[in-house]
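Residue numbers (the numbering used here), protein chains in the order written: chain L, 263 to 571; chain Y, 336 to 681.
Everything labelled a hint here was simulated from the structure, so no lab data went into it. Even glycine gets a Cβ: it sits at the ideal position worked out from N, Cα and C. Take every hint as true, because none was put in to throw you off.
With a straight-line Cα cutoff of 16 Å, these simulated EDC-like cross-link-like pairs (lysine to aspartate or glutamate) come out: (1) Y:Lys386 / L:Glu540; (2) L:Lys537 / Y:Glu424; (3) Y:Lys427 / L:Glu540; (4) L:Lys537 / Y:Glu411; (5) Y:Lys593 / Y:Asp508; (6) Y:Lys544 / Y:Asp508; (7) Y:Lys455 / L:Asp404; (8) Y:Lys544 / Y:Asp559; (9) Y:Lys387 / L:Glu540; (10) Y:Lys606 / Y:Asp674; (11) Y:Lys606 / Y:Glu583; (12) Y:Lys551 / Y:Glu583; (13) Y:Lys387 / Y:Glu424; (14) Y:Lys660 / Y:Asp470; (15) Y:Lys378 / Y:Glu406; (16) Y:Lys586 / Y:Asp559; (17) Y:Lys377 / Y:Asp638; (18) Y:Lys386 / Y:Asp470.
Example chain L residues on the side facing chain Y (calculated, C-beta under 10 Å, incomplete): (19) Phe289; (20) Ser291; (21) Gln411; (22) Leu478; (23) Thr484; (24) Asp488; (25) Lys537; (26) Leu543.
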Amino acid sequence: MSWRREWTLTVLLAVLMAGAFGLEPRFVSVKAQTLLFTHLWELAVVAVPMLLIIITGGIDLSVGSTIALSAISLGLMFERGVSLLIAVPGAIVIAALLGATNGWFVARLKVHPLLVTLATMAAFRGIAEGISLARPISGYPDGFLQVAQGPLPAIIFGGLAITTHIVLTRTVFGRWIVAIGTEETVSRFSGVPVARVKLVLYAVSGFACGLAAMILVARNNTAKADIGMGMELDAITAVVLGGASIQGGKGSIPGLVLGLILIHETREFVSWHWKQNELNLIVIGSLLLVTVLLERIPTRRKLGEIAQH
Amino acid sequence: MKLTSLLILPCLLALGCSSTETSKTSSAPDVTKTSSSDKGGKKITMALLPKKKGVPYFTSCSEGAQEAAKELGNVELIYDGPTSGDPAEAVKLIDQWTAQGVDVIAVSPNDPAVLGPAMKRARAAGIKVLTWDADADPASREFLVNQATPEEIGNSLVDAMAKDMGGDKATGDVAIVTASLTASNQNEWIKFMKSRLPKYPGLHLVATKPSNEDQKLAFSTTQDLMNAYPNLKGIFAISSVSFPGAAEAIKQAGKSGKVFVTGLSTPNDMKSYVQQGVVKSVILWNTKDLGYLTVYAARALVDGTLKAGSTTLKAGRLGDKNVVKDNVMLGGTITFTKDNIANFNF
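Let's have the full structure, built from the sequences with the hints guiding it.
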């Protein structure tokens, strides 16, 4: 089943890029694409564990707020003179712990992930605003700022995506993730350590938020409590666009990668060509609808054929 | 099948890239950065970035900018900015304009620290960058289009207060409700207000209090000031947040026309207080002229007629404008009163 979504996305992407080449040749240049891609990595990094969580039938709404709290932790440590060599790993560990907190509520206390992460989405953002007094913390050394310009964010995402693809398709842990999303009770009785798997995934999500926070702070030269706002929706959209089922049990890394690139290119192209930043808000929703509709047309014909036989 | 699509992706990207190489060569003159003098008089593309798109203040600036672009006839103007005011979104736009290869970008930075690196990237790509409305790190831009000097603002505030209180012979205590005690803009203005005050020997500055950009605090601070200084006749509320706070306190104390308040704000924000008679004068620079001048400055910067060492700039209907070091000065403030405030909608 999942192969078809990836083909749909590939075709859409090809059509988009061909259209872009016709209308704005410069948009398709290596130079332009390299520069524009610098803004994708933090979302891409966060979307990978989001895919795994959604495959288990869960969701993580707190990613944007986790990014903010992790970024603020970095900023406050840096402001107090802590070396970035300690502050950066420290802020990533804090993010992983925040993720593990979500995981603990979901896995051990069995609270619905939507409720848990809705609560922590508000709480983490609130703490970030409170401890930073909502002021921006800037002034990082150039060496740190360069990190976001270089290939490192892309390498981080590449490593994360490839590892996850292997885990998902070739390991027992990967089969557990799919099994939990397909039939949780059955997998529990078949000996899948459901709680442990979930705890790990939410912690990994937090960890990825920590990485994304570092990329964002380095690129903006600023840690502020309002960063990463709305990131959860973009990440969930990319995952669903990539063919994952929101009910769980289904989803793939190639689909996600294509979904991310399609969202990114469509957004950038619309803003580039029509020069109206507010159009960005419409793009994602339309894209999701178009993708789903494109797949509906052949499916319904097939259903019709089945009905005739 | 999953692997197939993984393989397709690089192919697709490679396809896109290779086709670009051809496009690059075919449109070579367009892509190669020409030196500024070569662009003289030719059609250019200019991007104008507000702090926040869709707010009346910046919309009114953009109207002036469009007027100038139309008048010049050889400036294609892009006016775009984050509707959320999010500086990270502004960075995306600057990067996009850099990739597009526009000729000049004029930025009103919401957060200079965030926008600075993107502005420097644009400059490294050969794009002219200037700031308008608010400044950023001087290394990230060539010129600032400066709406008004602190001296002009300070003088206008004191003169308006004196006029409201009865002219040169005005007497009474006055106080300042500022943003925060560390706000650099406000502190500059206060410095010049203090040197202007001796022109009106009847006025005595008794206190300078912070409002920390909190309207409620501005409200209670104004109440406290009126209680502490019974001879208080005037309040300078010199941030857009403290101005309505102070006006509300005076209105609720029933002291309209007895205690005067003036400050900087947009006409729409203060219109009701002006029409009720609580506020007599609202000071601001001419926002339309600010957008207008920014486009002329951008054009001159690309043409090479505005460069380091320039002292004047020809700006259409505004005439010759002064250039002081790396600041293009708009100069002049406008005062909104009961008689004219209805004519302004921003």
